[in-house]
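There are 4 protein chains.
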Amino acid sequence: TFSADGKFAGGIIAPYTVYKGKAALSAAPVLPTFSKMDSGSLKVDRRGSIMLTFWPAIGERKYDWEKRQRFALSATEVGSLISLGSKDSCEFFHDPSMLSSNAGQVRKNLSVKPNDSGYFISLTVVNNIQQTNDRFSVPVSTAEFAVMRAAFSFALPHLMGWDRYTNQLPKKMRFCWNVL
Amino acid sequence: TFSADGKFAGGIIAPYTVYKGKAALSAAPVLPTFSKMDSGSLKVDRRGSIMLTFWPAIGERKYDWEKRQRFALSATEVGSLISLGSKDSCEFFHDPSMLSSNAGQVRKNLSVKPNDSGYFISLTVVNNIQQTNDRFSVPVSTAEFAVMRAAFSFALPHLMGWDRYTNQLPKKMRFCWNVL
Amino acid sequence: TFSADGKFAGGIIAPYTVYKGKAALSAAPVLPTFSKMDSGSLKVDRRGSIMLTFWPAIGERKYDWEKRQRFALSATEVGSLISLGSKDSCEFFHDPSMLSSNAGQVRKNLSVKPNDSGYFISLTVVNNIQQTNDRFSVPVSTAEFAVMRAAFSFALPHLMGWDRYTNQLPKKMRFCWNVL
Amino acid sequence: TFSADGKFAGGIIAPYTVYKGKAALSAAPVLPTFSKMDSGSLKVDRRGSIMLTFWPAIGERKYDWEKRQRFALSATEVGSLISLGSKDSCEFFHDPSMLSSNAGQVRKNLSVKPNDSGYFISLTVVNNIQQTNDRFSVPVSTAEFAVMRAAFSFALPHLMGWDRYTNQLPKKMRFCWNVL
Chain A
1 TFSADGKFAG GIIAPYTVYK GKAALSAAPV LPTFSKMDSG SLKVDRRGSI MLTFWPAIGE
61 RKYDWEKRQR FALSATEVGS LISLGSKDSC EFFHDPSMLS SNAGQVRKNL SVKPNDSGYF
121 ISLTVVNNIQ QTNDRFSVPV STAEFAVMRA AFSFALPHLM GWDRYTNQLP KKMRFCWNVL
Chain B
1 TFSADGKFAG GIIAPYTVYK GKAALSAAPV LPTFSKMDSG SLKVDRRGSI MLTFWPAIGE
61 RKYDWEKRQR FALSATEVGS LISLGSKDSC EFFHDPSMLS SNAGQVRKNL SVKPNDSGYF
121 ISLTVVNNIQ QTNDRFSVPV STAEFAVMRA AFSFALPHLM GWDRYTNQLP KKMRFCWNVL
Chain C
1 TFSADGKFAG GIIAPYTVYK GKAALSAAPV LPTFSKMDSG SLKVDRRGSI MLTFWPAIGE
61 RKYDWEKRQR FALSATEVGS LISLGSKDSC EFFHDPSMLS SNAGQVRKNL SVKPNDSGYF
121 ISLTVVNNIQ QTNDRFSVPV STAEFAVMRA AFSFALPHLM GWDRYTNQLP KKMRFCWNVL
Chain D
1 TFSADGKFAG GIIAPYTVYK GKAALSAAPV LPTFSKMDSG SLKVDRRGSI MLTFWPAIGE
61 RKYDWEKRQR FALSATEVGS LISLGSKDSC EFFHDPSMLS SNAGQVRKNL SVKPNDSGYF
121 ISLTVVNNIQ QTNDRFSVPV STAEFAVMRA AFSFALPHLM GWDRYTNQLP KKMRFCWNVL
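Chains as they are written, first to last, in my numbering: chain A, 1 to 180; chain B, 1 to 180; chain C, 1 to 180; chain D, 1 to 180.
Check before you lean on any hint, since a few could be wrong.
Repeated chains share a single entry, so a pair holds when one copy, or any two copies, can fit it.
To be verified - Okay, derived cross-link-like pairs now, DSSO-like style, lysine-lysine, Cα gap no bigger than 27 Å in a straight line: (1) Lys113 to Lys22; (2) Lys43 to Lys62; (3) Lys87 to Lys113; (4) Lys20 to Lys108; (5) Lys43 to Lys87.
Note that these hints are calculated values from the structure, not bench results.
Here chain A stands alone, though its shape is the one from the complex:
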């Protein structure tokens, strides 16, 4: 937090995590980075996201963090999740090497499907380079999904950088900071 100009100053570690039988799933926001333009304006450089992390169970209440896989939800994908009706499903495809020479070598697929008591959130990662194929599926209860919906809705304007558009702080204060 307190990041500016594309640099960071000590992060916050406050994921929302659910531990289930076969895997754990955590979600945490990743803020956008900004760059300063010649005009003095700050422009969004890299958009923010909600980072989902899945890691497998390897025994009772034991999970293997080394085997984690990630999926970064864009603002629009977050929009899709928070507007999901109780019977709706959605699915996203990512290629982390898109536009590089490794394009198509790794395919990530996230799906959200309704079940009797909430949703299944599943991630498949097919990696042709490392010859691996990982699949995680985590049942998320209606209450847990409500937390995600509320937390993602709260985070969304921050991911977009819209929380910077505020008028709470008068100009004098900005001056104060610069002087100190």
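Add chains B, C and D to chain A, keeping to what the hints say.
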């Protein structure tokens, strides 16, 4: 408020309270605590909650604060409450001594059940050590529940520590803090 | 704004106003006041509200501010408004002199009733001391009511003082302010 | 951001943009300006808005920014958009020269109409002075509209200046500002 590094600097007392015939019920957020890691990051130490407090009526508009009982709603339980449909009910069980030698000696049970004009929110506390059995039931109107829903939704990201993920403050300000 | 300890330091004037044929209606939040306790905690002293102001039209696009009447919505009344279904109505009664010797002399009645394109929001003020009886009725479109709903929902935690429960600002910063 | 007294101190550039076959559409908040009154209060001078910008495609993934047209959504129009049901449509008309000698020469018309997978957002600008007639139509998916709804809802209180009504900052800090 203004808590950091697990310390506090003067609290805020602003519960939302409803006074009814047999008991009063108040709700107030309890913020998470953070600890600083070697990396400089702040990590959530103890999760926040919404603290519900019930205390009995002992006469007309008189209530006995000494006989209060508490129930701390976790983020997921808050998620359950704010997503409750007008015909839905929910129920939570807590054991405040869980994982200690007194496990099972005190059982707390909170239930939320719809009625004609809102919900009944009830708390039962069975304490085998003190040989007590307290039960409170408070009718909460639709309007009062709407206040709780809005206030709990507002508080939820703060309970989770997600309000720390923001980018409102420019870097210069951070410098100011570090120097002092 | 920036009020603390029950004192004020220059207000904000940013009402949401709709001008209609027979009257104008504006809405603006009134923040709670706090008092500092011996423990150093801040306690809500007087609860906040949404102040509704009605004033009559006296010609084309001319309104008489001197003839205004006010109605202060409590947090629970705001909860009632923001949870109103499109076919629902609600009604509130206030006695501004309640608990004083003038109790019952002034009666204020606010009603919100659905119409084809939104709601009628009406205020009746019967003042037995001044022998007056004022009635205002303002048609509020669905879009205008959506603005009120969003703005009132935003304001609600602030009226309750719950925005004070946040953990965005580290302790060092507070120190900084005190030194200056 | 950090604007006060009607002046600005370096802006934020963080629009939400969707690029489609025939045109691109971006949305970004424009904050209100305030003026200081003799009483020391800050009064909203010019209301904020959500600025929509449309610009045409001129080839595959190429868009012509020079040919952009704008439409500034007022708070009430934003209220209309965020309360739109999935089958609803809405339409707004603006005359940017209203109340000037050029009144009626330029007519802008924004419409939002449901389709199978979200909405069509269309802008028509008829300019009698420059003898031009521009029309843009952008299909916005349900997920993209959900992002707009969440971001516009977040921005709405800021457009109205209601974010200035907050009580998060203690008095000492205010003192700092006044001294500088």
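If the cutoff is 27 Å on CA atoms, where do Lys43 and Lys87 land: within, between, both or neither? Let me know, please. Neither: 38 Å inside a chain and 36 Å across chains, both beyond 27 Å.
Measure nothing new, just compare the shortest in-copy and cross-copy C-alpha distances for Lys113 and Lys22 to 27 Å and report within, between, both or neither. within (17 Å within a copy, 33 Å between copies)
Reference check for the pair Lys20 and Lys108, CA-CA at most 27 Å: within, between, both, or neither? both (21 Å within a copy, 24 Å between copies)
With 27 Å as the alpha-carbon cut-off, assign the pair Lys87 and Lys113 to within, between, both or neither. both (8 Å within a copy, 24 Å between copies)
Between copies, within a copy, both or neither: which fits Lys43 and Lys62 at Cα up to 27 Å? between (43 Å within a copy, 21 Å between copies)
The structure shown violates just one earlier hint, number 5.
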